[in-house]
Amino acid sequence: MSAAEIPAPRARRAAPSRETLVNAGLGLALLVFGLGAWLLDEPFLITLATKVAILAIAGAGLNLVLGYGGLVSFGHAAYFGIGGYTSGILAHHALNYTPMFEWPFLFEGSTSMPLIWLFAMVLGGLAALAIGALSLRTTGVYFIMITLAFGQMIFYFAISWPAYGGEDGLPIYVRNGFPGLNTLDPIQFFALAVAVLFAVLGLISMLAHSRFGLALQAARQNRQRLMAVGIRPGGVLLVAFVISGAITALAGALYADLNRFVSPSMLSWHLSGELLVFLILGGTGRLFAPLAGAGLYITLEHVLGGVSDYWQFYFGLLLLGVVLFARGGVIGFLTGGRHG
Amino acid sequence: MSMILLIEQLLNGIQSGLMLFLMAAGLTLVFGVMGLINLAHGSLYMVGAFACAGVAAATGSFWLGLAASIAAAAAAGAIVEVAVIRRLYARDHLDQVLATFALILIFSEGTRWLYGSFPLYLNVPAALSGSVTLPGGIQYSLFRLAIIGAGLAVAVGLFLLIGKTRIGVQVRAGEADREMIAGLGVDIGRLYTLVFALGAALAGLAGALVGTIQSVQVGMGEPVLILAFVVIVIGGIGSIKGALIGALLVGLTDTMGRVLLPPLFSLFMETSAATSIGAALASMAIYILMALVLVVRPGGLFGARA
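Residue numbers (the numbering used here), protein chains in the order written: chain P, 386 to 725; chain B, 22 to 327.
Hints are computed from structural coordinates only; laboratory data are not their basis.
Be aware that one or more of the hints could be misleading.
[To be verified] What follows is a set of in silico ranges between Cβ atoms, one per label pair, in the way DEER data are often shown:
{"#": "1", "chain 1": "B", "residue 1": "Ala203", "chain 2": "P", "residue 2": "Val692", "range": "33 to 39 angstroms"}
{"#": "2", "chain 1": "P", "residue 1": "Gly525", "chain 2": "B", "residue 2": "Pro244", "range": "37 to 43 angstroms"}
{"#": "3", "chain 1": "P", "residue 1": "Leu413", "chain 2": "B", "residue 2": "Ser293", "range": "14 to 20 angstroms"}
{"#": "4", "chain 1": "B", "residue 1": "Leu135", "chain 2": "P", "residue 2": "Phe429", "range": "46 to 52 angstroms"}
{"#": "5", "chain 1": "P", "residue 1": "Val692", "chain 2": "B", "residue 2": "Ser287", "range": "40 to 46 angstroms"}
{"#": "6", "chain 1": "P", "residue 1": "Ser590", "chain 2": "B", "residue 2": "Val177", "range": "55 to 61 angstroms"}
{"#": "7", "chain 1": "B", "residue 1": "Val316", "chain 2": "P", "residue 2": "Gly525", "range": "17 to 23 angstroms"}
{"#": "8", "chain 1": "B", "residue 1": "Leu313", "chain 2": "P", "residue 2": "Thr483", "range": "33 to 39 angstroms"}
{"#": "9", "chain 1": "P", "residue 1": "Arg712", "chain 2": "B", "residue 2": "Ser293", "range": "19 to 25 angstroms"}
{"#": "10", "chain 1": "B", "residue 1": "Val316", "chain 2": "P", "residue 2": "Val507", "range": "56 to 62 angstroms"}
The C-beta atom is built at its ideal place from N, Cα and C for all residues, glycine as well.
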């Protein structure tokens, strides 16, 4: 009975829906912007587009639990920062020729992105497992406050732990490498980030349409009903939380490489808030919301930041307006409809 | 470690716990009565501190500044409630989080615009400066002692207000069933504004008092806000008693952890490593406490519901 209650995923309709067209347009816009900047020889704009892509990956991680699972996690900066520090610390050891550990085998750190990504995702996933297992004992407003508090715990740990720079952060002197690419070339790093973004969005779309994704969305809509068909919501939500943490950590590793620097600010609760803002600006629960939201946020930061040093004041007013009066975000506006 | 230092730190822990209680009490009341999660509570704390610094600098009187902090924070709270918060009661928590996050940006950047990024410093009033000798020969700052007294007085006042007065009855009834008391003729809109302004005034008072010990600057309310969340999670949402006990637990754990953990670790490892591990663990101690409470009682120590 429950399966009939869940709205059919829109991607299975025969003709491409308006949202699919908007999504394609958004993806294309990012590519065109990056390539255009490359043709015009504007490395700064390429970097800006890369930042959008990477933040969109982090937002996509959050979207899995927030948009589909209905869990308002206010601590996703934790996984973002863990990914960033994984990249920073592995590169730090490899570049300084100080082995990370010598027992049980010699490990000298790494400057290879695929390996770093693997580590980042495993560590981000494990952190999400621990935090999620505790936080998911509660719901609603408790969950928001607890995820925020655990995020803050990791932030303070990073500040007070002196081995890797503490409050000052940790520089990555040379951007980590990817086999076959020159990651120091902005457009090649951009291409890599965009490829990862589309892979992540593809994965989330696949997950959302799978049995797991349907159960996850059912957990958002009605936990009792999900239990009635014999699925424990807690397990589904925890698995989603772990995947979400891993994806956000992957974004963090990329972000550290983009800036060639990692600091506790990647773990700050402001970043958790910004990730939430991306989703509400883009339109919660829509596949491409993180890209639309991150794109809009970075554009506003760039444009308003050029007008006033206090651009966040105006941004706050805008955000307030969107939350109070324009629910559904950019994609909701472009598709002319609200998302169920 | 001397006994005197220990007792001094114990008092510091109680003092920071009571200031946390002033913050947490407002948050937990607002959540209990209106069902609203208010991230901008830290901004009201900041408004109180800046109002105190501004008025104290202009008039030269700390006491006028203190009165101004309470008045300004309550006024800011009432205005925000009427203009924004009121529209959020019926919304889900995500909207509340984002709208109040937007309010933080507006308050913080607006204050930075007006006052700049440099911290302001408040002078302890002459009557309360210096230190007193407590029984046992312990020298302790008179102002901090006065803060402890003020915190306790506010706590008692709040318990009386909630427990014994007509407004308190309405607040408690509002927590239980807001439609019903609206049906009984209580102006629910006015009650909400009142509760919100009351919470804001407490936050403003805490901001002015703590701002006098530390410094007054943009963003000062945010770490306190998150600590207040930890307090509420430990104490149980909506419970004033839980907020008091949670706040004291958090204040003491935080202060004592910083004092005791480094020497504790130096008992069995070298000093520099012990200092860094001890300091790192101390910074996490309250969150570990929160996790333990969650494992044992997911609804908080005095929470009615999970």
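Hints breached by this structure: 1, 2, 3, 4, 5, 9 and 10
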